[in-house]
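Colleague: Residue numbers (the working numbering), protein chains in the order written: chain A, 1 to 586; chain B, 1001 to 1646.
Please keep in mind that the hints were generated in silico from the structure rather than gathered at the bench.
What you are looking at is a predicted structure, and each value in this text was computed from that prediction instead of being measured.
Heads up, the beta-carbon is just placed ideally off N, CA and C, and yes, glycines get one too.
Any given hint could be a false lead.
Covered stretches of chain A (chain B as the covering partner; in silico rule of three or more C-beta atoms under 8 Å from a C-beta of chain B) [to be verified]: (1) 193-202; (2) 276-284; (3) 316-325.
Rough simulated footprint, nothing fancy, chain A against chain B, three-plus residues with beta-carbon under 8 Å [as the list claims (entries may be wrong)]: (4) 1591-1600; (5) 1615-1622.
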Amino acid sequence: MTTFVPPEIDWLALAPLIVVLGAGVVGILVEAFVPARARRTTQIVLALAALAGGLAFVAVLWPQIVAQPVQVVGGSVTLTPFALAAQGIVAVLAFLGVLVVADRTSTGQDAFAPTASAVPGTSYEDLARRAGLVQTEIYPLLLFATGGMMLFASTDDLVVMFIALEVLSLPLYVLCATARRRRLLSQEAAAKYFLLGAFASALFIFGVALIYGFAGTVRLLQIAQQVQGGMLPLEGMSVLLVAGVLLVTVGLLFKVGAVPFHAWTPDVYTGAPTPITGFMAACTKAAAVVALVQVLYRTSIGVQAVDPQILRQLQVVIVVVAIATMVVGAVVGSVQSDVKRLLAYSSIAHAGFLLVGIAGFNAQVQASTLFYLLAYGLSTVGAFAVVTLVRERRVASGSRSGEDNGPVADDGVVLGEATEIAQWAGLGRKAPWLTAAFGIFLLSMAGIPLTAGFVAKFGAFSGAVTGGLWWLAVLGVLASIVTVAFYLRLLVVMVFRRADDETVPEQVPDAEDLDASETAGASGGTAPAALATAQVTAAQRVVVTVARSRGPAAVAVAVCAVATVILGVFPSPVLDLVEQASKFVP
Amino acid sequence: MNDVIGLAPWLIGFPLIGAAVLLLGGRATDRWGHWLGVLASGAAAVVGFILLFRMIGTPAEERAVDHSLGTWLSAGGLDVDLGLRLDPLSMTFVVLVTFVGTLIHIYSVAYMDHDVDRRRFFAYLNLFVAAMLTLVLADSYLLLFVGWEGVGVASYLLIGFWDTGRPTARENAVAAKKAFVMNRVGDMGLIAAMAILFATVGSVGFADVLPAAGGLSEGTATAVGLCLLLAACGKSAQFPLQAWLGDAMAGPTPVSALIHAATMVTAGVYLMVRSGPILEAAPTAQLVVVVVGAVTLLFGAVVGTAKDDIKKALAASTMSQIGYMMLAAGLGPAGYAFAIFHLLTHGFFKAGLFLGAGAVMHAMGDQTDMRRFGGLSRFLPITWITMGLGWLAILGIPPFSGYWSKDGIIEAAFIPVDGQPWRAWVFGTVAVVGAAITAFYMTRLFFMTFGGRRPRWTENQHPHEGSPLMWWPLVFLGVGSAGLGLVLGIGGTFTTWLEPVVGHAEHHEPVLPVPVIIGATLVLVLLGAALAFRMYAVQLVPEEAPRGSFLTRAARRDLYQDAANETLVVLPAHGIARLVQVGDRDVVDRGWGVLPLAVSWFGAMFRKVQTGYVRSYAAGMAGGVLVIALVAWLVVRLGAGLGGAQ
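Pulled out of the complex, with its shape left as it was, chain B reads as follows (with noise of 0.2 Å):
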């Protein structure tokens, strides 16, 4: 491991020099500069598997390595190495970067290839990738909040990077300030944290906080531990933060592939399993986590069923997959693993969903509204072969790789922890039932876009597979959606391999049979999954959205969380802005307003007393001596002083 670590930096280094070069190099590098940006990120992942192979060739003991880069910060009693945390954790994430980073790096070269602005989109994207492998591989949260920020602004640029020209182009940029203004929210939580550590701990390296967490108070750890799922929810999209990652679909659908679906909104995952240590010192922290990824699995699942906008379903589906992930993650070192390995597979099947979206929408001229496509089996097979794999997966059919990783999750939901059966029972549930409406609604895509007897296109339209640019990488991820899950889950593959960072989990029984849980789970599935086929595939699709129930609309509302963001948070921070405002003009300003009359005023009176005359500056100084005497006589006579050096 040690012979190839000097190369852990390249990871960071190729994609942060291909994106400064994009971006300082301008339109000289137009020519050329995607394919720049495929190569630094392909670097990486060449990097990347190095690594990985080195790393699977060590003892499990010594796979985890801190590679120091020397002092970044020492101000006062805090000092921050700067160094890269390799092990199996931030591996797994490197590799999903690298590899499903480079392959919609390749399909965007086809996806942007009539955009003017090619060039910057790249650029962007080799800086997300740079942020995103920083934030993963940081030893330090301060490090790691680098990254997070990196992401954040790399998020930014690329939801709003269709921000002129175009009919969307101010929704466009709404919808980038609204990610980056809720993603800030949840940044204060990780700042906040690192403060509560700093303050507890005395450091924010993972190499000291991690060990000493169980030494902290109960207190202290549910604090940092709250702190840090405030920032994990902004991230990652989770209730109640979770309103922007609809409105992020406005950027270009790679970008919601790599980020909006694969890699940077599951980084709240990887802090809570990152922070393990910590939440385990705070059961209360930890059922906050279980209790938000369980809101948040069911609120997307619903909000999926209703909307017939493809990304903004896929979305949905996201935010609802996190949620099996936070779920996980608050379930202890049981849940870790599979949180993990679902983020993994997920990373594949998502991306793979997302990117054959976006192969439709290029085949129907930027259609997005499912209710107008319909029968497009035939005219775009591997889209829709490869989309089936995906489809598949995160129905969780076995042996497709969703199967693997969220029965795993499911499982893992239905044991009691700390001998309370409730727990298991309800959150158990809420997982098998959030399996069940994800068929439903994933079924409904797969069916509305691909199924049905009659196309319901508008005008002329032709549709067509993309260049081998774009369905390579839907092939290469089909095949991970196909047989990732199976590959590394028999046997516990993957659970193993992560064992020397998430800990070994004690086996506990579930609360049912195992053969039940799966068994049930894949009744449900297959139940909604008939149902969405009935409804959508075998019934005509009416080309307008039908009234719908109450539910139905309030879930094409996205559940009121805009109204209800509105009126609990926006409007009363309104109402405080405008009072201070008030405050602010009429009494703060008005009353320092009189200062300045009130020392022009005295200045004029002083100035009176310069006369330029000799002898009343003398007078004034014989009567300062005076002054002075009197002074000294008060303060014997009075006894007074200043309570001062005496």
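Chain A on its own, in the form it takes in the complex (with noise of 0.2 Å):
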């Protein structure tokens, strides 16, 4: 008889785990027992010192993984120093995420809806917005998401890594649908988010499938020890692998964001709330990057010896995929009208500009994807954070009805998000330092030396050229040529373009105001075409204005931004710590 043998579990090792995952268990016990006054404060600081301590655990295993890696609870998890190093980045970049997340600003109101149960437009939806509720569950559920990310980063097993997909995208998907404004946007978003996500899971589950009719195992590193000894004979069966691979490859590219599984990124990005759009732009191209090198790499390992041919297979799709990726991104971000899209086609764009480095097949890439993924997530996060702060205002009385919830009539309300980036024209003179930031994080995505875009860039592309492929790093360059076009042109909005309201008194917008659409009323007799000009132009008027940040979007932007510039100024400490992460196998 068989006795039972708990397996020995290096607990340390699932520290980071632990504590993020934890805290969001932690944090539904708070929205049931902690008082609704103290719930919002509570979680906030549970999330951050979640993330924070998840963070120092990192640390705290960094040397022992560099020198030993390790695999715990029985090979579920496989922690090298490439992962660990993964679960460091999105443990940073998530509390950056939850930093501009708990960010009400001078409005007093966050991002997210009273309710999110509440059917958009109704009088309980107003109800609960005049009784001041909010929805503090989204912290718990950024905590669950981060941690499935982390998860996601850290394993071999393909059946473990299936279930932190779904545990990271499960939140993401309700996260999505709880916008404050514009809600239906964001629910359709979440609508959207989600189908194709079951999609994509469904094929990566399909590949998990068929690889284990192939293997008999789902732990790629086992798979490929066995088929180098030949234990695995590839003759005739290696369709089974390699369709299982790519099948799983699709999954990942999903989560990635690569061309021709994108459509969801622009439309989601939309509709999500901004500061969710930042972490999940940020984290989870972080984490299924990173899972992506993992599964290719340790698929390719097992093969290249024993049949090449598999090797090249997986090499053309993910080229193809590349210059599919970045050719859409960059094109296609080139005609956009509002940011926040023009920021998911910039990061279509660099899902696209990592994968030529992961395309690249050579053990250099581990470094510097890990060093692209951590500046392209902080000038992701930093550029969503801005776009936060960047406001309408409405200067004048009208019935404005629809999807902005604000009081009706209420003049001089900051609204919902400037997204158009017309309305951005003159805010370097409305706020030098937010334009002065989000320059840098626009010229850190453009690749622009001295910010950390520029090193990871080179990082990326100098990858591909080590693997043989310098036309494909050309293509690159030259991709990211047409990116810089947009970004520059919005610069160029920002700083040299004066905003058709900048003649407005910034202090005093309603009284005046009024009193002018007032008297146009009361001429109105004489000039009935006038009247009719006016009251149009009267109850469409909204200034954009800049809502400043109670602290933790601030701080987040500016973390961000002095970041970027460090990074890419001083490069070598971070590079040479994740030059020490190149290690995918224990």
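Could you use the hints to bring the two separately framed chains together as a complex?
Modeller: What follows is the structure in structure tokens.
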């Protein structure tokens, strides 16, 4: 009779995951037991503490894992330096993301609906808003998603990876639906994300099934060893392996946002609450790219000696996807007129640049990918944080009903985000510091030297060159030139173009404008046409203003901007760190 | 030496601080700014003399000291230490620059008295002194280059100093620009030389490069030598980059004296002598240096004979005298010491002549046309005597200082190199003929200004001596013009002094006996002077310049140097520029203009795919999976690959 042998668990190695996921569980309990007044503060503190704690444990584990990678929980979790570094990056970016989420700004409202379950536009929703309800469940949800991402990046077992995929995705689907303003758009985005995500998950798990059919196991390192050792003959069976790996890859490429699995990205990035978009764009991409690198490279270890044909197939597929992704991201991005959509396409283009590096299939790529993800994540979180602060403000009376749920006919009230690029004109004069920070993020995304983005792109492209794909690197450079065009266009609009409302005095918007519209109405009898025009303009009169951050978002923006510049000017300490992380295999 | 070496950075520091205070202090320093400028320069001079006397007190072989100031640049394989090299060569320059510089500062206090921008003028002068000392004290080509560019900037600022509010403002600005642009051409040579040195030797420090010069291949050494020569030609107004110097006289006269006569324009000679080991490894480059020097010395001398503007005549003379120095610098160790010696004496007598010319202009209401002078000796006795000393010095009449240095160069030119007597004959003859022409034009200048029985002044002019601030510097420089050569030249004191740097020259016999050379030179010089005396002192000088012979007309127009530059360089360059402009606008821009259109078009197409319908997105994903499957299948089918990681 076999006795139950409890697995030896290295708790310390699991500590980052446990802290983050455990805090998520505690957060649920907080919802149940902490009084409503203190709930929000508690949740924020808990979330930030958990992420900081997770990061601290990553730091504690670092020397040990660099010296000797481990597999824990019977091989379910594989902690390589690469995976651990990914956990650290996710934790850092999530920390910054939560700061943005937590900021209520000078409007006193955060980006989330008071009760997400209320039907948009109903009186119940209005009631909830007046009652000052807040949906504090977003913080545990964020923690679960973050924990899922960290696990996603640090497993070799495809089934665990699938579970992690769902753990990270489901909270995100929910979070996408919680926007305070433009709620229908937000809910539509969530639904799309969910449906397409389910489709991608199905492809992923189908791939896992095929791999299991081929190897009888779902652990990539085992498969690699067995294939290398000749225990798994490839003849006639390689189709199963290739099809399986490619389907798993498709599932991951969906999360990465690579063409042709990118279609959800612009819609979801636009619809989701902007802080969530920033978090999702930075962290999800980091986790998914790391997982993709691990799947591809662990597969390649096994097959490269036995059947190079398979490696060639994988490489060609990645190259094709990389080219398509860069082209679509860069080209379509350049015709966008909405800041959030522009950033979404920029994120697609960056997925392409990351794939360029990955397509090089060499060891150098691990370090450069990590650096890229950090650099990209910092500028993305920062850029979306800036977007949350640039708002519309109504300056004249008018019956403005619809998606914004601000008090009706209350002049001078700050509405939702001003995401039309044209609305950003003159921002450089209204908010020079914010514009400067945003400029840094854009330059970094464009890959201009002295920003982190340059070092990152240099690393990714040189990875491709080392792998013999110099022409792909050239294509990458050309694509990034196209992206530079739209980043710079945005900068030009912000800094050099004058806002339409620039002559309107900033401090006293309501009284004067009210008077103006009333006089227009009084004299309307003589000139009906003029009256009509005046009413239309008065009703639509919104100016762009910058909401003051209550602190957290400003801190996040500042940290991202400073880090972007530091990583660009003195990249060596971080480069040394990620260089240490170049081990896929325990 | 080591106990005072810590003072060396102050040589540069004092004038640099002076310039900074005057420039940043602005109008607040207007009242006392000029005295601060004098003080800064004077302090540097005091430090310079302290260091000089300590150096004289140390044994010859310990005189060269490198004073490191720490690492400046460390980039890849390039490590440049910031350091100063103090040796007899650089100290000679330090003393010349700070002493003559201080005299000129003092002179300028009076000369620029009525200028509202006097403070700015002194700021620039201080900046110049700091940059010039950086140039000569640098222990690497890179730091030398910093000073090199610094003096270029100061020169530019000072030539164009009067760029507003005067009738000639525009021409002054153009002259400044011309000087700057022509200097840039030379600067490219220095940059290229540094690049070649870094590529071959792996360093740009003198301590690494110069000892290694012997190991360079002859081709490399020639390339470096010619690049350095190009730099020297730009800075020292040598043929073919000589055209800027005449126009540079647009600057205030003290500037012409300090920068465009005594110090900056001799930086090219310094560069040649400092780089001696490189030139010695490249006989071809040496020959080119000699040829450039010979051509320029004749060129300048010929131009000098025809100029009626006193400053332009002196500028042509400067060009010609630097030609002598260049010629000597190309002769190898036998010539180096005399090149520097002539540089030193020339620094004194030419500065004296320029300041004298300034005093004359000051007296005559800024008139520079010598045909409007004449008979000034009675009215400006101090200027007359001090300029007379300078005149005798430049003529090379013993025992005035020019004789000791110039005669050394002429003798060295007559020494056959590599047993090739033709070179000795050609260059020796050029040097002697040049000396004769020099005698002619300087005598002409001197007597057109001071001599003559009848003044040719315009209007109601009342020439008078300037303030003591102006004539004391003249006296100092006059004494230097008279006695410096004798003090340093007799018994070869100066040659011995420089020996630790330039090496000991083996004694070779000239192709003619030395007394014959000296005698012939003196006879020719006296003939030239006598001719000029007859034409310009005995005969009446016409107030309007006669039409003159073809050669005179050519010389008046600087032997058509501007026309030549215009035709050979500017017009073709304009042509190329126009071609590039047209190509850029019509081919490149139009071509690239298609790209944004294409991008927008593709973007609009792809945008249509973004329908917002989940079903079409899902279909897209399914299609993507199929495409990937197809690609994977094709790879197997065609056996294609990317030539990548396999």
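Colleague: If a hint holds in the structure, say so; if it does not, say that too.
Modeller: These are the hints, each one checked on the structure:
1. As drawn, the stretch 193-202 of chain A meets chain B at 4 residues by the rule of a beta-carbon pair under 8 Å; at three or more, the given contact holds.
2. Coverage of the stretch 276-284 of chain A by chain B is violated. Counting CB-CB distances below 8 Å, 0 residues qualify, and the rule asks for three or more.
3. Here's how the stretch 316-325 of chain A fares: 5 of its residues keep a CB closer than 8 Å to some CB of chain B, so the rule of at least three is met and the hint holds.
4. Taking a C-beta to C-beta cut-off of 8 Å, the stretch 1591-1600 of chain B contributes 3 residues in contact with chain A, enough for the three needed, and the coverage statement holds.
5. Judged by the Cβ-Cβ criterion of 8 Å, the stretch 1615-1622 of chain B is covered by chain A as claimed, because 5 of its residues qualify and three suffice.
Hint compliance for this structure: hint 2 alone is broken.
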